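Which chain is which? The protein sequence lines are P and H, in order.
Using the working numbering, the first residue of the first sequence is number 1, and each one after it goes up by one.
Using the working numbering, the first residue of the second sequence is number 1, and each one after it goes up by one.
No lab work stands behind these hints, which were simulated from the structure alone.
Please note that the accuracy of each hint is not assured.
Said to hold, decoys possible - Reference excerpt, derived from the structure (chain H facing chain P, CB under 7 Å, subset only): (1) 34; (2) 79; (3) 82; (4) 88; (5) 92; (6) 222; (7) 495.
Claimed, not checked - Distance condition first, Cα-Cα at most 20 Å in a straight line; then the derived SDA-like pairs of lysine to any residue: (8) P:31 x P:2; (9) P:31 x H:507; (10) H:503 x H:471; (11) P:87 x H:59; (12) P:31 x H:527; (13) H:378 x H:471; (14) P:31 x H:86; (15) H:503 x H:527; (16) P:31 x H:503; (17) P:31 x H:223; (18) P:40 x H:80; (19) P:87 x H:83; (20) P:87 x H:125; (21) P:31 x H:36; (22) H:223 x H:80; (23) P:85 x P:2; (24) H:564 x H:576.
Said to hold, decoys possible - FRET-style restraints, in silico, Cβ to Cβ: (25) H:294 x P:30: 39 to 49 Å; (26) P:41 x H:80: 26 to 36 Å; (27) P:59 x H:576: 43 to 53 Å.
In this text the structure is predicted, and so the values were computed from the model without any measurement.
For every residue, glycine included, the Cβ atom is placed at its ideal position computed from N, Cα and C.
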Amino acid sequence: MDEIATTKLTIINDLGLHARAATLLVQTASKYQADLYVSKDGRQINGKSIMGVLLLTAGKGTELEVEAIGADCKELIAAIEDLVKNKFGEDK
Amino acid sequence: MSRSLRLEGIAAAPGIAVATARAIDRKKILVPKLELERGHAEDEQARLDLAVADARAQIQLSIDSITKEGGSKQYRNHSMILQTHLLLLGDILLIDATKDLIATKQINAEWALSIVTEDIMSQLSSADNEYLAERAEDIGFVSTRVMRNLLGHSEELLNSELNSDSECIIVTIDLSPAETAQMVSSPILGFATEKGTQTSHTAIMAQALGLPAVVGVSGLTEKVNPGDTLIVDGLDGIIIVEPDDETLARYKERAAQWSAMENRLRSTKDEPSVTSDGVEIVLKGNVEFPGEAPFALDYGAQGIGLYRTEFLYLDREEPPTREEQVKTYVSMLKAVSPRPIYFRTFDIGADKMPRCLHMTKARNPALGMRAIRIGLRKNRDLLKDQIKSIIVAAKEAKVSSADIMFPLISGVKEVRQLKAMVAECIEELKQEFDGFEPPVVKIGAMVELPAAVLLSDIIAREADFLSIGTNDLIQYMMAIDRVNDDVAYLYSPFHPSALRALKIIVDAANSAQIPVSICGGAAGEPLMTPLLVGLGLREMSMAPHSIPFIKAAVRTISVAESEKLVQEALEKSTEDEIEQLSVQFMQGKMDITI
Numbered sequence: 001m002d003e004i005a006t007t008k009l010t011i012i013n014d015l016g017l018h019a020r021a022a023t024l025l026v027q028t029a030s031k032y033q034a035d036l037y038v039s040k041d042g043r044q045i046n047g048k049s050i051m052g053v054l055l056l057t058a059g060k061g062t063e064l065e066v067e068a069i070g071a072d073c074k075e076l077i078a079a080i081e082d083l084v085k086n087k088f089g090e091d092k
Numbered sequence: 001m002s003r004s005l006r007l008e009g010i011a012a013a014p015g016i017a018v019a020t021a022r023a024i025d026r027k028k029i030l031v032p033k034l035e036l037e038r039g040h041a042e043d044e045q046a047r048l049d050l051a052v053a054d055a056r057a058q059i060q061l062s063i064d065s066i067t068k069e070g071g072s073k074q075y076r077n078h079s080m081i082l083q084t085h086l087l088l089l090g091d092i093l094l095i096d097a098t099k100d101l102i103a104t105k106q107i108n109a110e111w112a113l114s115i116v117t118e119d120i121m122s123q124l125s126s127a128d129n130e131y132l133a134e135r136a137e138d139i140g141f142v143s144t145r146v147m148r149n150l151l152g153h154s155e156e157l158l159n160s161e162l163n164s165d166s167e168c169i170i171v172t173i174d175l176s177p178a179e180t181a182q183m184v185s186s187p188i189l190g191f192a193t194e195k196g197t198q199t200s201h202t203a204i205m206a207q208a209l210g211l212p213a214v215v216g217v218s219g220l221t222e223k224v225n226p227g228d229t230l231i232v233d234g235l236d237g238i239i240i241v242e243p244d245d246e247t248l249a250r251y252k253e254r255a256a257q258w259s260a261m262e263n264r265l266r267s268t269k270d271e272p273s274v275t276s277d278g279v280e281i282v283l284k285g286n287v288e289f290p291g292e293a294p295f296a297l298d299y300g301a302q303g304i305g306l307y308r309t310e311f312l313y314l315d316r317e318e319p320p321t322r323e324e325q326v327k328t329y330v331s332m333l334k335a336v337s338p339r340p341i342y343f344r345t346f347d348i349g350a351d352k353m354p355r356c357l358h359m360t361k362a363r364n365p366a367l368g369m370r371a372i373r374i375g376l377r378k379n380r381d382l383l384k385d386q387i388k389s390i391i392v393a394a395k396e397a398k399v400s401s402a403d404i405m406f407p408l409i410s411g412v413k414e415v416r417q418l419k420a421m422v423a424e425c426i427e428e429l430k431q432e433f434d435g436f437e438p439p440v441v442k443i444g445a446m447v448e449l450p451a452a453v454l455l456s457d458i459i460a461r462e463a464d465f466l467s468i469g470t471n472d473l474i475q476y477m478m479a480i481d482r483v484n485d486d487v488a489y490l491y492s493p494f495h496p497s498a499l500r501a502l503k504i505i506v507d508a509a510n511s512a513q514i515p516v517s518i519c520g521g522a523a524g525e526p527l528m529t530p531l532l533v534g535l536g537l538r539e540m541s542m543a544p545h546s547i548p549f550i551k552a553a554v555r556t557i558s559v560a561e562s563e564k565l566v567q568e569a570l571e572k573s574t575e576d577e578i579e580q581l582s583v584q585f586m587q588g589k590m591d592i593t594i
């Protein structure tokens with residue numbers, strides 16, 4: 001049975017999950033073995049698909065449920081939390 | 001075996017063309033659609049993999065060259081966009097979904113890719129989020145790159161397709177003004193597009209070039225393959241794909257009849273445009289490029305009543321410099337001199353949105369930042385540069401006056417602001433060039449908003465001339481989007497409201513004793529000619545190819561009977577009745593059978 005880690009996150013950067021942020025998220029997720037699923041309002045997408053992340057249309061203030069499944073799922077969740085918290089390195 | 005196919009659309013520019021279909025579209029390449037024979041899905045998937053790998057290498061090459069350029073923020077951002085493109089190339093929703101579709105539907109890679117791309121793009125476009133709608137472009141970009149690799153095309157696809165040596169008919173979804181601009185010099189015999197209406201850009205261009213066009217043909221690009229023989233019947237609005245011999249012969253005969261009639265009309269070039277009771281009606285041409293001016297004169301134009309300057313701004317990263325504008329305007333003025341040119345300042349922002357202005361597309365652009373609104377509120381320098389260029393060009397070409405007309409005037413306040421801007425430009429030119437003596441500058445107001453119609457008496461007191469743009473006027477009066485085929489049925493210059501609006505404007509100009517002309521599509525419609533003459537218009541500007549027709553109409557009617565016709569028409573309550581009235585009036589007068 002695969003390990004599962006979950007978390008809830010709020011997007012706080014001004015631009016939301018725009019192309020650059022989405023790219024960083026997918027690039028980060030792709031470094032881990034675990035699968036990543038992100039849901040908004042009950043709609044779930046694959047967190048390793050840039051198109052999926054873009055189609056979430058997650059603007060600033062959006063709440064997301066994040067689920068990672070696989071051996072390094074905890075590390076993956078921590079990395080995603082870091083990204084979101086640091087506003088994807090968005091220039092102020 | 002013939003697979004002859006007849007498609008109906010909107011007749012946008014008259015004439016008949018028979019030639020080979022050539023597909024062009026930056027956004028949507030004509031996609032070959034093939035059903036696979038059993039057991040070939042894996043080959044198709046492998047072909048897709050190869051095309052994706054090539055695309056990846058191409059994008060990586062761009063990233064590398066940018067990285068070499070240095071680490072400025074601008075470069076970093078650009079590189080990030082390309083990184084996004086790389087991710088899109090590996091995306092399961094795009095590539096894996098395409099592979100699945102190849103297998104499940106047993107179709108070729110190009111077809112599958114186009115279905116998946118369209119699906120994603122429509123989801124993004126409908127996301128009600130401007131940012132994402134823009135991202136649809138990224139996906140389109142990536143998908144197009146893969147598509148070109150699949151088809152074995154290089155990056156220069158567009159240019160090479162636009163400029164070919166063999167005669168062809170352009171088949172596409174829709175043409176952008178920039179694309180049409182590039183086509184002037186290639187041997188194109190006609191146009192067929194899936195979108196568009198009689199007053200859309202493609203139609204206007206085709207009319208200007210004297211090429212037959214049929215627009216608004218639904219399903220066109222699905223049904224035509226590149227290389228098919230096509231008949232474009234721009235008289236009846238019909239496209240025939242791969243005609244049989246009999247049809248082909250019939251149409252060739254019709255094409256010959258048409259060109260014979262056109263030649264006969266064209267031979268009236270040097271005959272005066274005078275009514276049977278001796279009143280001169282000045283006929284001018286509408287043009288967009290300096291290259292069109294000789295055509296217009298050849299058709300008998302007595303000047304240019306509408307010079308659309310937008311093309312200078314389209315499809316480029318930076319707006320045109322003043323030097324570039326002056327050069328273009330001087331060559332235009334010299335080509336037409338001593339006949340006058342009405343320069344219309346850039347009318348961009350509605351269906352023509354240049355990249356160089358970095359404006360976001362509004363949800364309802366026809367009602368948004370458009371034309372003089374950009375110049376008065378958003379980018380004064382852009383409009384001032386154009387005004388200065390026109391003035392300098394008029395000076396250089398030694399013409400008697402610089403005639404500048406401003407589009408989308410809504411009231412006299414804007415006329416005053418624009419006059420002040422022109423004065424400011426002249427002052428600045430005097431400071432810039434020692435001893436600069438400006439030519440006479442005449443300021444024209446385009447009446448194309450219902451508000452301006454109602455205020456035309458006030459506007460006429462402060463403008464040097466009025467010009468009626470009937471296309472926009474009817475669009476705004478009837479609340480119809482010109483690029484929406486579904487509401488095109490409401491567009492009619494015979495509409496009683498249009499007739500009344502014209503009367504208000506012409507009466508206002510006449511009592512202020514300033515010139516008034518009309519430059520919309522209505523001016524090129526022979527059945528409108530007696531109505532326009534009867535309303536008091538003495539100057540009309542139209543697509544050059546229409547001039548011989550209108551001249552023939554003018555020469556058969558008298559002002560006296562036209563005035564009577566207008567009296568009657570103003571009593572009628574629907575556009576059908578007015579059109580019918582005009583048909584009866586013209587019957588037996590013109591022996592033109594189309």
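Structure-based check of all given hints:
{"no.": "1", "hint": "34", "verdict": "violated, 26 Å"}
{"no.": "2", "hint": "79", "verdict": "violated, 11 Å"}
{"no.": "3", "hint": "82", "verdict": "violated, 10 Å"}
{"no.": "4", "hint": "88", "verdict": "holds, 6 Å"}
{"no.": "5", "hint": "92", "verdict": "holds, 5 Å"}
{"no.": "6", "hint": "222", "verdict": "violated, 25 Å"}
{"no.": "7", "hint": "495", "verdict": "violated, 42 Å"}
{"no.": "8", "hint": "P:31 x P:2", "verdict": "holds, 18 Å"}
{"no.": "9", "hint": "P:31 x H:507", "verdict": "violated, 75 Å"}
{"no.": "10", "hint": "H:503 x H:471", "verdict": "holds, 16 Å"}
{"no.": "11", "hint": "P:87 x H:59", "verdict": "violated, 27 Å"}
{"no.": "12", "hint": "P:31 x H:527", "verdict": "violated, 71 Å"}
{"no.": "13", "hint": "H:378 x H:471", "verdict": "violated, 25 Å"}
{"no.": "14", "hint": "P:31 x H:86", "verdict": "holds, 15 Å"}
{"no.": "15", "hint": "H:503 x H:527", "verdict": "holds, 17 Å"}
{"no.": "16", "hint": "P:31 x H:503", "verdict": "violated, 72 Å"}
{"no.": "17", "hint": "P:31 x H:223", "verdict": "violated, 45 Å"}
{"no.": "18", "hint": "P:40 x H:80", "verdict": "violated, 25 Å"}
{"no.": "19", "hint": "P:87 x H:83", "verdict": "holds, 19 Å"}
{"no.": "20", "hint": "P:87 x H:125", "verdict": "violated, 26 Å"}
{"no.": "21", "hint": "P:31 x H:36", "verdict": "violated, 37 Å"}
{"no.": "22", "hint": "H:223 x H:80", "verdict": "violated, 39 Å"}
{"no.": "23", "hint": "P:85 x P:2", "verdict": "violated, 27 Å"}
{"no.": "24", "hint": "H:564 x H:576", "verdict": "holds, 18 Å"}
{"no.": "25", "hint": "H:294 x P:30: 39 to 49 Å", "verdict": "violated, 60 Å"}
{"no.": "26", "hint": "P:41 x H:80: 26 to 36 Å", "verdict": "holds, 28 Å"}
{"no.": "27", "hint": "P:59 x H:576: 43 to 53 Å", "verdict": "holds, 50 Å"}
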